[in-house]
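Chains as they are written, first to last, in this note's numbering: chain V, 1 to 77; chain W, 1 to 367.
Any given hint could turn out to be false.
Stated by the list, open to error - Straight-line Cα separation of at most 20 Å, DMTMM-like style, residue types lysine to aspartate or glutamate; simulated pairs: (1) W:K157 <-> W:E213; (2) W:K156 <-> W:E93; (3) W:K339 <-> V:D38; (4) W:K157 <-> W:D108; (5) W:K266 <-> V:D38; (6) W:K156 <-> W:D83; (7) W:K156 <-> W:D108; (8) W:K266 <-> V:E34; (9) V:K29 <-> W:D126; (10) W:K319 <-> V:D58; (11) W:K157 <-> W:D83; (12) W:K156 <-> W:D194; (13) W:K339 <-> W:D271; (14) W:K156 <-> W:D166; (15) W:K319 <-> W:E257.
Bear in mind the hints are in silico, worked out from the structure with no lab data behind them.
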Amino acid sequence: MWRCRSLLLAAALGQLLLLGGCALQPWVKPYERESLADPIMNLQRSTLIGQHREHVYDVREGARGATGIQGTGCGCN
Amino acid sequence: MAATSLWRRLARLLGGFVGSLMAASGARAVVLPDNVGEAMAHVYSGGGVTASGPALLVRKNLGDRFSITGSYYADFVSNASIDVVTTASPYRETRNAYGLGLNYVVRDSLITVAAATSREPDYIADALNVDVAQDVFGGMTTVSLGFTRGWDQVGKKGEGFFDTADHWRYRLGATQVLTPNWLMSANFEAISDDGYLGNPYRVALVFGAAVPERVPSTRSSRAFQLRAIGDLGERNVVRGAYRYFWDNWGINAHTFELGYARYFGKDWMADGFVRFHVQDGALFFSNNASADTTYLTRNRQLSSFNDVGLGFNLAYTAKTVPGQYSVVVTGAMEFMNFKFSEFTDVRTGQLYSFNAYLAQLLVSVTF
């Protein structure tokens with residue numbers, strides 16, 4: 001009985017979460033994104049500068065990847 | 001009259017329903033990045049190594065759904081690093097890298113397929129990339145997935161190409177609009193390597209005697225990075241990044257970066273940043289081993305060390321013709337200091353450290 005109630009409670013909570021998810025609307029409207037669209041807000045402002053910087057780190061440090069920049073790995077030692 | 005009013009109400013309801021569906025599915029279609037031509041000159045110098053050369057990149061739209069990207073990159077390397085001067089003779093070589101990519105936009109997705117090749121006299125690396133970026137949630141979230149398959153041929157001067165190395169890279173990322181002034185992104189990448197992963201020229205030391213380096217033929221690594229960028233007002237922009245890296249060779253690394261950017265007048269943009277990287281050494285790294293183990297390396301890149309970088313970028317918009325083109329010239333400079341905790345200079349017995357700089361000059365035309 002207790003287990004049945006727990007399952008029902010979990011299901012109800014799940015439903016609430018799902019309904020909450022449906023009610024969630026994009027909270028920054030397109031017309032509010034002027035600041036975000038400015039080139040100064042780019043995480044990577046130039047492909048060439050970004051790729052070359054990552055290449056310099058890649059061949060001198062033991063860590064690699066997850067930089068959000070593709071195509072930096074040349075495999076060279 | 002009543003019937004017309006009912007129809008109008010129904011049409012309004014239907015319109016609202018379709019509108020909300022479009023908003024929910026993010027009907028804001030993704031657009032291709034701008035046409036761009038970039039030319040860069042670069043120089044890295046430090047620790048006895050100088051690498052310089054040109055790099056070019058052109059991206060051109062073909063209609064409103066496709067764009068094509070071509071790139072060329074060259075490194076003219078003069079190598080007299082500590083490894084080279086203590087065990088071999090300084091040398092010069094050239095690396096040429098070529099890339100070709102195709103972008104395709106379909107609804108809210110940007111699909112990129114790209115091929116790259118990098119060629120040195122004793123190392124050839126070919127790779128194929130597939131990346132998909134999808135805008136969701138009214139354009140507030142961009143989810144990206146990517147895969148790279150790499151094939152390398154490893155050679156040695158005088159012996160030719162004698163072995164291969166294969167690479168698999170899996171990427172997953174998300175960029176989220178937090179507020180009208182803040183963005184953040186999270187990226188994860190898993191990399192697997194299989195084949196000859198060492199350097200045929202490098203030696204390790206056992207009781208002071210040089211033996212060929214021996215590293216495992218497989219490696220598996222994971223990296224997770226969080227980044228955030230925000231406008232504090234009046235385009236005073238701050239950014240921060242943190243990456244945690246770990247692999248099955250025993251390396252754990254933390255990388256931090258903090259930056260600040262702002263405009264000076266209409267045409268100048270300045271950016272400054274600090275970067276700090278610290279890592280543990282691989283399990284089989286030894287500066288001078290006291291036993292001849294199965295795997296052994298004296299590759300300082302796999303040792304425990306830290307490096308600090310201090311960088312500046314200055315961008316000048318030289319010309320803008322609205323709706324036609326703009327020309328931006330960017331100069332970038334970074335000063336770095338590497339400090340090793342285990343690796344020593346065998347000539348002095350002291351822990352090794354060196355300073356380096358990276359300079360880049362870029363001309364970028366957006367059209």
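Hint-by-hint comparison with the structure:
Our distance criterion of 20 Å between C-alpha atoms is met by K157 (chain W) and E213 (chain W), whose separation comes to about 17 Å. With a C-alpha separation of about 13 Å, the suggested pair K156 (chain W) and E93 (chain W) falls inside the 20 Å cut-off, and the hint holds. Straight-line distance between C-alpha atoms of K339 (chain W) and D38 (chain V) comes to about 38 Å, which puts the hinted pair past the 20 Å bound. A hinted pair counts as satisfied when its Cα atoms are at most 20 Å apart, and K157 (chain W) with D108 (chain W) does not qualify at roughly 49 Å.
This hinted pair checks out: K266 (chain W) and D38 (chain V) have alpha carbons roughly 13 Å apart, not beyond 20 Å. At most 20 Å may separate the alpha-carbon atoms for a hinted pair to count; K156 (chain W) and D83 (chain W) meet this at roughly 16 Å. At most 20 Å may separate the alpha-carbon atoms for a hinted pair to count; K156 (chain W) and D108 (chain W) exceed this at roughly 47 Å. At roughly 16 Å between alpha-carbon atoms, K266 (chain W) and E34 (chain V) fall within 20 Å of each other, so this suggested pair holds.
A C-alpha spacing of about 43 Å is found between K29 (chain V) and D126 (chain W), which places the hinted pair above 20 Å, so the restraint is violated. Between K319 (chain W) and D58 (chain V) the alpha-carbon distance is near 35 Å, which puts this suggested pair outside the 20 Å criterion. The suggested pairing of K157 (chain W) with D83 (chain W) holds, with an alpha-carbon distance near 17 Å, which does not exceed 20 Å. The straight-line distance between the Cα atoms of K156 (chain W) and D194 (chain W) is roughly 19 Å, inside the 20 Å bound, and the hint therefore holds.
For the hint pairing K339 (chain W) with D271 (chain W), the CA-to-CA distance comes to about 26 Å; that exceeds 20 Å, so the pair is violated. This hinted pair checks out: K156 (chain W) and D166 (chain W) have alpha carbons roughly 18 Å apart, not beyond 20 Å. Taking the CA atoms of K319 (chain W) and E257 (chain W), the gap is near 31 Å; set against the 20 Å cutoff, the hint is violated.
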